[in-house]
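Undergrad: Sequence:
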Amino acid sequence: MARVGNSIIKGLEVSEIIKLLNKAYADEWLAYYQYFIESKVVKGIMKDAAITELDQHAADELRHATMIADRILQLGGTPLLNPKEWMKKTNCGYEEPKNFDVVAILEDAIKGEQCAIKVYSNIVDLTRDKDIVTYDIVSQILADEVEHEEDLQALHDDITEFVSDLKKSLKK
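Numbering-wise (my numbering), the sequence shown opens with residue 572 and increments by one.
Read the hints as simulated data drawn from the structure, not as lab findings. Please note that the accuracy of each hint is not assured.
[Claimed, not checked] Here are the simulated DSS-like pairs of lysine-lysine, each with C-alpha atoms no more than 30 Å apart in a straight line:
id	residue 1	residue 2
1	Lys-682	Lys-618
2	Lys-739	Lys-701
3	Lys-739	Lys-669
4	Lys-689	Lys-581
5	Lys-594	Lys-689
Could you put the whole structure together from the sequences, leaning on the hints where they help?
TA: Shown next, in the form of structure tokens:
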């Protein structure tokens with residue numbers, strides 16, 4: 572534990588920060604798995620573009636989990652050690668994909684990113700001017716999650732617009 576490093580935290584209990592980060596850590600692992608498995612089962616038009624996006628996001632979520640674990644350790648805490656704890660501690664949860672259609676998969680992924688944005692936005696608000704190190708880490712992750720939502724939404728919109736245009740042209 573970084574004693575001097577922790578001494579710069581003002582107005583927050585280190586244990587509360589660790590608790591919040593462990594919940595986010597659980598979210599990141601579940602998001603990683605969701606993207607990983609969705610990239611394997613996705614079907615439909617433009618699925619290759621979706622697979623590329625999902626695989627990239629999975630890698631980012633794993634990187635986020637590493638960043639959070641490192642910060643938890645710096646604070647003198649222990650990252651969740653048992654995957655069973657992820658479902659108990661998660662903010663955003665995990666729903667197994669039931670519809671493998673590319674549009675449904677993208678909608679599930681967008682929903683997950685929107686939850687992550689809310690979670691990290693709250694942690695940013697909490698740590699601003701109180702724990703600059705956690706604030707910086709979480710701000711970086713938040714920026715990635717905003718970008719993920721934007722990327723997924725753009726792909727979703729491209730696919731749905733393409734399908735709509737195709738249906739119109741077939742009616743002519």
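Undergrad: Hints first: check each against the structure and report whether it holds.
TA: The hints, checked one at a time:
With a C-alpha separation of about 19 Å, the suggested pair Lys-682 and Lys-618 falls inside the 30 Å cut-off, and the hint holds. This hinted pair does not check out: Lys-739 and Lys-701 have alpha carbons roughly 55 Å apart, beyond 30 Å. Pair hint Lys-739 plus Lys-669 holds up; C-alpha atoms about 28 Å apart against a cutoff of 30 Å. Restraint check for Lys-689 and Lys-581: the C-alpha separation of about 23 Å stays at or below 30 Å, so the hint holds.
For the suggested pair Lys-594 and Lys-689, the alpha carbons sit about 13 Å apart, so the restraint of at most 30 Å is met.
Hint 2 alone, counting from the list given before, is not met by this structure.
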